[in-house]
Amino acid sequence: MLSPSNTPYMMIGGEVGVKALANAFYDEMETNPHLQELLAIHQLPLDNIREKFFQYLSGWMGGPPLFEEKYGHPRLRQRHMHVKVTKKQAELWMLCMNNAMNKTVEDKQLKDHLRQAFGQLALHMVNHP
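Residue numbers (our numbering): 105 to 233.
No lab work stands behind these hints: they were computed from the structure. Quick reminder that beta carbons are idealized off the backbone N, C-alpha and C, glycines included. Among these hints, one or two may not hold up.
Capping the alpha-carbon separation at 25 Å, the derived lysine-lysine pairs in BS3-like fashion look like this [to be verified]:
| id | residue 1 | residue 2 |
| --- | --- | --- |
| 1 | Lys215 | Lys191 |
| 2 | Lys156 | Lys191 |
| 3 | Lys174 | Lys212 |
| 4 | Lys123 | Lys174 |
| 5 | Lys156 | Lys123 |
| 6 | Lys156 | Lys174 |
| 7 | Lys123 | Lys212 |
| 8 | Lys207 | Lys156 |
| 9 | Lys156 | Lys188 |
| 10 | Lys192 | Lys215 |
| 11 | Lys215 | Lys123 |
| 12 | Lys207 | Lys123 |
| 13 | Lys192 | Lys207 |
| 14 | Lys156 | Lys192 |
Listed next, with one range per pair, are the computed distances between beta-carbon atoms [unchecked claim]:
| id | residue 1 | residue 2 | range |
| --- | --- | --- | --- |
| 15 | Lys192 | Arg219 | 16 to 26 Å |
| 16 | His186 | Asp211 | 11 to 21 Å |
| 17 | His232 | Thr111 | 30 to 40 Å |
| 18 | Asp151 | Pro178 | 14 to 24 Å |
| 19 | Asn231 | Gly118 | 28 to 38 Å |
| 20 | Lys192 | Glu119 | 18 to 28 Å |
| 21 | Lys188 | Gly118 | 32 to 42 Å |
| 22 | Asn110 | Glu134 | 24 to 34 Å |
Turn these sequences into a full structure, and let the hints guide you.
Given below as structure tokens:
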């Protein structure tokens, strides 16, 4: 069960687990042929975005707010307004995240919780019909 002392950050394994998820996400994006449309909107190489994503996920999952400490409030939707994010891209993002979670998150309850939360986040990012 989730609680202030048992956050997704702690349940996934802290920094190591969050970093594994962030890296699995971008590994999936780079290698899955179904995700090439999603990969195409990212600046290559992905090293910088991998680190930023890890930093964001750290705080988002209840761990240290690394992204905010370095860059300020995430304002994800605002930061992504320069990119047309469609419902299809949100679905591709979720495919990528689901595959990454399947490789890195063992706890089914945690995976279900994260899947729901990431799904809401992905839909929030849609900014183009």
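So, going through the hints one by one against the coordinates:
no. : hint                          : in the structure
1   : Lys215 <-> Lys191             : holds (22 Å)
2   : Lys156 <-> Lys191             : holds (23 Å)
3   : Lys174 <-> Lys212             : violated (32 Å)
4   : Lys123 <-> Lys174             : holds (17 Å)
5   : Lys156 <-> Lys123             : holds (10 Å)
6   : Lys156 <-> Lys174             : holds (10 Å)
7   : Lys123 <-> Lys212             : holds (19 Å)
8   : Lys207 <-> Lys156             : holds (20 Å)
9   : Lys156 <-> Lys188             : holds (20 Å)
10  : Lys192 <-> Lys215             : holds (22 Å)
11  : Lys215 <-> Lys123             : holds (16 Å)
12  : Lys207 <-> Lys123             : holds (13 Å)
13  : Lys192 <-> Lys207             : holds (23 Å)
14  : Lys156 <-> Lys192             : holds (23 Å)
15  : Lys192 <-> Arg219: 16 to 26 Å : holds (18 Å)
16  : His186 <-> Asp211: 11 to 21 Å : violated (36 Å)
17  : His232 <-> Thr111: 30 to 40 Å : holds (33 Å)
18  : Asp151 <-> Pro178: 14 to 24 Å : holds (20 Å)
19  : Asn231 <-> Gly118: 28 to 38 Å : holds (33 Å)
20  : Lys192 <-> Glu119: 18 to 28 Å : violated (33 Å)
21  : Lys188 <-> Gly118: 32 to 42 Å : holds (35 Å)
22  : Asn110 <-> Glu134: 24 to 34 Å : holds (33 Å)
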